[in-house]
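Chemist: Take a look at the letters that make up each chain.
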Amino acid sequence: MKIIYLDNAATTPVAPEVMEAMKPFFSERFGNASSLHFLGKQAKEALEKSRGKIMKKVNAKEHKLVFTSGGTESNNLALKGTAFANKDKGKHIITTKIEHDCVLNACKWLEKQGFEVTYLSVDREGFVDLNELEESIRKDTILVSIIHGNNEIGTIQDLKEIGKICQEHEVYFHTDACQSFTKVPIDLKKEHIDLLTINSHKIYGPKGVGGLFIRNGIKIDPLSHGGGHEFGLRSGTENVSGIVGFAKATEVIKDKDIKHMTKLRNMLIKGVLEIEDAWLNGPREKRLCNNTNFSFRYIEGEALMLYLDVKGIAASTGSACSSKSLEPSHVLTAIGLKPEDAHGSLRLTLGKDSTEDEIKYTIEVLKQSVDSLRKISPFGNK
Amino acid sequence: MYTKKVMEHFMHPRNVGEIKNADGTGEAGNIICGDVMKIYIKVKENKKGEKIISDIKFKTLGCVAAISTSSMITELVKGKTLNHALKITEEKIIESLGGLPPVKTHCSLLATDALKEAIYDYLSKNSLKIPKELVETHKKIEKELKIAEKKHKEVVKYTSKKEGE
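For the record, the sequence lines run as chains P and Y. Mapping of the first sequence onto our numbering: residues 4 to 385, in sequence order. Mapping of the second sequence onto our numbering: residues 9 to 173, in sequence order.
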């Protein structure tokens with residue numbers, strides 16, 4: 004059976020050129036970057052070359068890049084690390100209701116430790132209200148953490164405006180760019196970003212590697228203590244092969260791929276919206292080039308997802324049934340969807356290798372599947 | 009995650025539909041978790057004079073587990089006596105499907121509840137004696153439905169307030 008992978012927001016395959024770049028670092032160039040012998044030096048060189056390459060990608064001149072195990076660790080380090088190191092300044096953190104779980108749950112944990120967190124609401128399309136942000140900043144605010152490209156509904160926030168507000172009020176600005184990195188240009192200098200989370204496996208790199216950019220001079224404590232690797236902020240032998248792969252992966256998505264994905268995304272949206280009682284969640288413009296998220300009335304998302312699965316199409320859903328907590332997606336709820344409408348949601352996220360034929364086939368299968376499930380549904384024929 | 013049997017019932021559910029002039033209808037669900045099931049039954053007497061479910065149809069809005077347990081319960085009780093049908097447990101349905109993931113076992117309750125409600129409806133419409141246990145189950149389901157509706161209203165109030173902002 005043909006496999007159509009439309010869950011690229013969950014993860015991507017490792018690109019062949021990335022795999023090639025990594026290979027020597029598993030065998031002949033296996034050294035520990037902290038070793039003083041020639042093998043160590045080799046590893047250290049590769050590590051620093053990779054670091055430099057990734058830093059260039061976001062114009063990081065006043066920042067250091069700390070390699071981590073991925074987006075979750077980077078976000079945890081950004082939040083907990085700055086919170087604890089700046090206790091003398093205050094105990095207040097601002098974030099949004101549409102962050103990734105790793106940010107929200109780190110914030111909930113920080114609340115238990117005595118910090119106060121403001122969760123900004125968003126509009127119907129998932130955009131943060133800049134006035135609300137500005138009004139929420141207090142004298143004791145340490146950090147503002149706002150996701151760049153939303154992983155569920157694709158909304159791209161205006162980093163420059165948010166950065167400006169944070170700079171004016173002298174609070175740190177962190178953004179989680181796991182979904183947007185290499186798809187949307189990011190400029191740490193122009194956008195006044197103090198901390199930036201990126202990761203590798205969403206951009207055709209290996210899993211288990213991520214990074215956190217940290218502006219020089221920012222007060223931040225490490226999560227793990229040890230041999231003082233990564234500027235003393237992330238102890239533990241560096242994952243050299245993974246980091247080399249990560250650096251290579253930052254070259255994978257090219258302008259033409261972004262154009263290609265945007266075109267297919269728009270085609271998919273147009274085709275799916277021919278289905279009755281279906282709509283697009285998230286904005287039309289300022290949306291990640293590979294993201295679509297739909298709701299279908301009268302049916303449930305996990306059932307729909309498995310109909311697609313049987314036909315070889317990999318998708319994902321914000322339905323309560325598919326979550327461990329049995330709660331509908333917090334992002335869909337935050338943009339104002341009723342629980343039953345969040346329930347019938349489906350996320351399809353494209354990759355650079357998605358094809359027009361795949362999208363046409365997906366639209367057809369989706370039409371049939373929605374129809375079949377509505378025939379079973381007590382509300383299907385209204 | 010799901011067994012072959014579950015997927016088979018999900019992709020090809022038995023007894024889907026509605027029965028016009030049904031002798032009993034039952035509904036169960038939790039609009040918050042999103043699952044809703046409706047069952048329609050026709051009741052006849054067999055040669056022994058026992059009441060049997062001569063026909064049964066269902067409609068379900070729900071996940072794979074909800075749809076497959078709905079389908080399975082209709083197979084388990086079709087042609088069986090009301091007494092037999094009332095004794096079908098969630099465990100029996102899950103076992104007949106070759107198991108369900110732990111997080112999904114609550115879905116089978118939807119099926120047994122909807123069936124019990126249909127039988128309750130039939131018995132009360134025909135002024136027949138309703139077993140004490142069934143009366144209690146009916147009260148429980150009604151109460152849960154009210155809580156679910158109230159919870160749902162609160163969420164909707166919250167989200168529609170956001171719309172007005």
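Think of the hints as simulated: they come from the structure by calculation, not from any bench. One or more of the hints may lead you astray.
Said to hold, decoys possible - Incomplete in silico selection of chain P near chain Y, CB under 10 Å:
no., residue
1, His95
2, Met308
3, Leu311
4, Cys324
5, Glu367
6, Lys370
7, Gln371
8, Asp374
9, Leu376
10, Lys378
For each residue, glycine too, the CB sits at the ideal point set by N, CA and C.
Chemist: Indicate, hint by hint, whether the structure satisfies it.
Modeler: Taking the hints in turn, this is what the structure says about them:
1. Violation of the interface hint for P/His95 is found here, the shortest Cβ-Cβ separation to chain Y being roughly 23 Å, above the 10 Å cut-off.
2. Given the 10 Å rule on beta carbons, the hint for P/Met308 holds: about 9 Å separates it from the nearest Cβ of chain Y.
3. Because the beta carbon of P/Leu311 sits about 12 Å from the nearest beta carbon in chain Y, more than 10 Å, this interface hint is broken.
4. For P/Cys324, the shortest C-beta to C-beta distance to chain Y is roughly 4 Å, which falls under 10 Å, so the interface hint holds.
5. Nearest Cβ of chain Y to the Cβ of P/Glu367: about 17 Å, over the 10 Å cut. The hint is violated.
6. Because the closest C-beta pair between P/Lys370 and chain Y is about 17 Å apart, greater than 10 Å, the hint is violated.
7. Because the beta carbon of P/Gln371 sits about 12 Å from the nearest beta carbon in chain Y, more than 10 Å, this interface hint is broken.
8. With a cut of 10 Å, the hint placing P/Asp374 at the interface with chain Y is violated, because the nearest CB-to-CB distance is about 13 Å.
9. Annotation: P/Leu376 was flagged as interfacial toward chain Y, and the flag holds, the nearest CB pair being 8 Å apart, inside 10 Å.
10. Contact between P/Lys378 and chain Y, as hinted, is supported at the beta carbon level, the nearest pair being about 7 Å apart and thus within 10 Å.
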